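In order, the protein sequence lines correspond to chains A and B.
For the first sequence, this note's numbering begins at 1116 and goes up steadily by one.
For the second sequence, this note's numbering begins at 31 and goes up steadily by one.
Derived from the structure by calculation, the hints contain no laboratory data.
This one's a predicted model, so the numbers in the text were calculated from it and none came from an experiment.
Quick reminder that beta carbons are idealized off the backbone N, C-alpha and C, glycines included.
Misleading hints may appear alongside valid ones.
Taking CB as the label site, the calculated pair distances span [stated by the list, open to error]:
#  : chain 1 : residue 1 : chain 2 : residue 2 : range
1  : B       : R146      : A       : E1280     : 29 to 39 Å
2  : A       : L1186     : B       : R148      : 20 to 30 Å
3  : A       : Q1304     : B       : C78       : 30 to 40 Å
4  : B       : R148      : A       : N1170     : 51 to 61 Å
5  : B       : Q89       : A       : Y1183     : 32 to 42 Å
6  : A       : K1216     : B       : R146      : 34 to 44 Å
7  : B       : L81       : A       : K1434     : 49 to 59 Å
8  : A       : D1305     : B       : L73       : 24 to 34 Å
9  : A       : H1182     : B       : G124      : 44 to 54 Å
10 : A       : Q1304     : B       : N33       : 53 to 63 Å
11 : B       : G79       : A       : H1273     : 53 to 63 Å
Quick look at which bits of chain A chain B covers, simulated, 3 or more residues with Cβ under 8 Å [said to hold, decoys possible]:
#  : segment
12 : 1214-1221
13 : 1438-1445
Here are a few chain B residues that face chain A, going by a calculated C-beta distance under 8 Å [to be verified]:
#  : residue
14 : L57
15 : Q60
16 : C64
17 : T96
18 : V100
19 : S109
20 : G124
21 : R165
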Amino acid sequence: MANQARDAAIVGIHEYPLRVAPGRSAMQIKAESISKALEDSGLKLTDVDAIYDTNEGEGGGGLGMAHYLNLKPTVIDTTQVGGSSYEFQTAHALRDIRAGKANVAILSYGSVAASNRTPIGTGGGTGMGAPNWQGNMEDPFGQTLIANYAMVAHRHMHQYGTRAEDLAEISVSTRLHATRNPEAVRAMQDLQFMATGEITVQDVLDSRVIADPLHLLECCMVSDGGGALVIASAAAARGAKKKPVWIIGTGEATKYRENGGDITVSAGAQSAPIAFGEAQVRPEELDLAMIYDSFTITVATILEDLGFCKKGDYKDFAKNNRFRFDSALKPALNTDGGGLSSNHPGMRGLFLLLESVRQLRGESTSQVANAQLAIAHGNGGFLGGNHTGGSIILARD
Amino acid sequence: MPNRPQPRFPEPNSQPFWEGAKRGELLYQQCNSCSGVVFYPRLICTHCGGLDLAWKQSQGEGTVYTYSVVRQNRNPAFSDLGAYAVAYIDLDEGFRMMSNVVGVADPTKDIAIGQRVRVEFEKQDSGDYPVPVFRPI
Chain A
1116 MANQARDAAI VGIHEYPLRV APGRSAMQIK AESISKALED SGLKLTDVDA IYDTNEGEGG
1176 GGLGMAHYLN LKPTVIDTTQ VGGSSYEFQT AHALRDIRAG KANVAILSYG SVAASNRTPI
1236 GTGGGTGMGA PNWQGNMEDP FGQTLIANYA MVAHRHMHQY GTRAEDLAEI SVSTRLHATR
1296 NPEAVRAMQD LQFMATGEIT VQDVLDSRVI ADPLHLLECC MVSDGGGALV IASAAAARGA
1356 KKKPVWIIGT GEATKYRENG GDITVSAGAQ SAPIAFGEAQ VRPEELDLAM IYDSFTITVA
1416 TILEDLGFCK KGDYKDFAKN NRFRFDSALK PALNTDGGGL SSNHPGMRGL FLLLESVRQL
1476 RGESTSQVAN AQLAIAHGNG GFLGGNHTGG SIILARD
Chain B
31 MPNRPQPRFP EPNSQPFWEG AKRGELLYQQ CNSCSGVVFY PRLICTHCGG LDLAWKQSQG
91 EGTVYTYSVV RQNRNPAFSD LGAYAVAYID LDEGFRMMSN VVGVADPTKD IAIGQRVRVE
151 FEKQDSGDYP VPVFRPI
């Protein structure tokens, strides 16, 4: 690790505690989270000179955020690539800080998807919005978002012999972590989950099928929520209240429906080698994997693509309760309770970074003993269609 | 008749494909410069970057690459279909398209990856453009 560059660090975080937030707007959730993340960092609003924004909600992108905060930043980046936008933005923040263009950067997220009753997973193929070249080739066929991911699951099962019970291991360990996180427990209560305790593989298999072969308990929730994080240069990080969590490797990639392509391989297969190469660490060294769990198959596919095991070997890798926070096997997975059981307002990428930081600070509700290295991997868009993959590798001192 | 969302225009990339569907033809593009197959339809060859793409007619036969049976869709346009199968079909000419597999008694049991299928054009109440769907051969 001697040659790792440590040029920028995450020094402040906040996760908006509520998953049902009636009367709040996305912009308010973003602003409250920025204020509290800055408080967590010990830096001031007036220290911020770079804004990264996804243009979600009624925010108006980087310009709208700057206006709301009455800031005049020197860097504005409105990268919107779906749920992995925050991994992409973190990569850009590191790049911009390294280039000397920025010193203190903020990323924020706010969404009231639950209060708006947004059918994220089951509302595909609406035939609404401006005509476009891709929608015209897909909308008539009634593909829901869940069905797109389910097509990856079917193909993965066909090619590698993966079983539904193998995928269910992700739901089981993630729910265990959620039961230990009071905000996740409240989320499941407020969103009226039928049961909020631990679940078994059989519970997953017994839950109703939403789109074959994916069951209800393999699908993320739709919540309100949001959060923010503060990224600082090495110099600015020295003024922070808490120990810095260094950004030591980043990778960005895209993938599509391709003629003759392999749907079981995600953009992560391209982004991860870049990130690991920069970080000069190997997957088996990582203590924590925070992987976008829109659905179980997303995690299974990405674990392979990140190099934790070979393509197709997920079913063996998942054995022996590997993913639990207290397992002797690495990595622990989605220790905050994930999108499956804690927080999914539509673009979960920010929460992957927040829990990674909590783990590397020793602040998680399912703390991995002596956690030193983590990866946050966001997936944006449709896993079986066009999507992005963003990999961020983080290290503590 | 089904009442699916129609393709919407003006959208110049996909309009020739849908005009072909009206004639009962399944169209794709091939590059006159490098012979690369391009799909979904667009202006530029994704193999060589050229702009000389020609429309070709597929024989309409292929295999199911993967599929999912949708049990829940909040879009009322699909509510009368019951459980229906969305699929990627690999056409024999080398392009992969999204479609539906139809004409089976139970889509949760009667569809398989690798199954041979043939296109048919399903007329719609929702508009003039029939939708190309696939039935097992």
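Now the hints, each set against the structure:
At roughly 30 Å, the beta-carbon separation of R146 (chain B) and E1280 (chain A) lies within the given 29 to 39 Å, and the hint holds. In this structure the supplied range 20 to 30 Å is violated for L1186 (chain A) paired with R148 (chain B), their Cβ-Cβ distance being about 60 Å. In this structure, Q1304 (chain A) and C78 (chain B) break the distance hint of 30 to 40 Å, their C-beta atoms being roughly 57 Å apart. Look at R148 (chain B) against N1170 (chain A): about 44 Å separates their beta carbons, and that is not inside 51 to 61 Å.
Hint check: Q89 (chain B) to Y1183 (chain A), Cβ distance near 57 Å, so the stated range 32 to 42 Å is violated. The hint said 34 to 44 Å for the Cβ distance between K1216 (chain A) and R146 (chain B), and at roughly 56 Å that hint is violated. L81 (chain B) and K1434 (chain A) have their C-beta atoms about 52 Å apart, which keeps the hinted 49 to 59 Å range intact. A beta carbon spacing of about 48 Å between D1305 (chain A) and L73 (chain B) contradicts the range 24 to 34 Å that was offered as a hint.
Between H1182 (chain A) and G124 (chain B) the beta carbons are some 50 Å apart, a value that agrees with the proposed interval 44 to 54 Å. Taking 53 to 63 Å as the suggested C-beta distance range, the pair Q1304 (chain A) and N33 (chain B) does not conform, at roughly 39 Å. With their beta carbons about 34 Å apart, G79 (chain B) and H1273 (chain A) fall outside the hinted range of 53 to 63 Å. Check result for the segment 1214-1221 of chain A against chain B: violated, 0 residues qualifying (beta carbon to beta carbon below 8 Å, three or more required).
Using a Cβ-Cβ cut-off of 8 Å, 0 residues of the segment 1438-1445 of chain A lie near chain B, which falls short of the minimum of three, so the contact claim is violated. A distance limit of 8 Å between C-beta atoms decides the matter here; for L57 (chain B) the minimum to chain A is near 12 Å, and the interface restraint is violated. For Q60 (chain B), the interface hint is violated, the least distance from its beta-carbon to any beta-carbon of chain A being 11 Å, above 8 Å. About 14 Å separates the beta-carbon of C64 (chain B) from the nearest beta-carbon of chain A, more than 8 Å, and the hint is not met.
The restraint placing T96 (chain B) at the interface with chain A holds, with a minimum CB-CB distance near 4 Å, inside the 8 Å limit. At about 5 Å, the closest approach between the beta carbon of V100 (chain B) and any beta carbon in chain A falls short of 8 Å, and the interface hint on this residue holds. For S109 (chain B), the interface hint is violated, since its Cβ never comes within 8 Å of a Cβ in chain A; the closest pair sits about 10 Å apart. Annotation: G124 (chain B) was flagged as interfacial toward chain A, and the flag holds, the nearest CB pair being 6 Å apart, inside 8 Å.
Because the smallest distance between the Cβ of R165 (chain B) and any Cβ of chain A comes to about 15 Å, over 8 Å, the interface hint for this residue is violated.
In terms of the numbered hints stated before, the structure departs from hints 2, 3, 4, 5, 6, 8, 10, 11, 12, 13, 14, 15, 16, 19 and 21, listed from lowest to highest.
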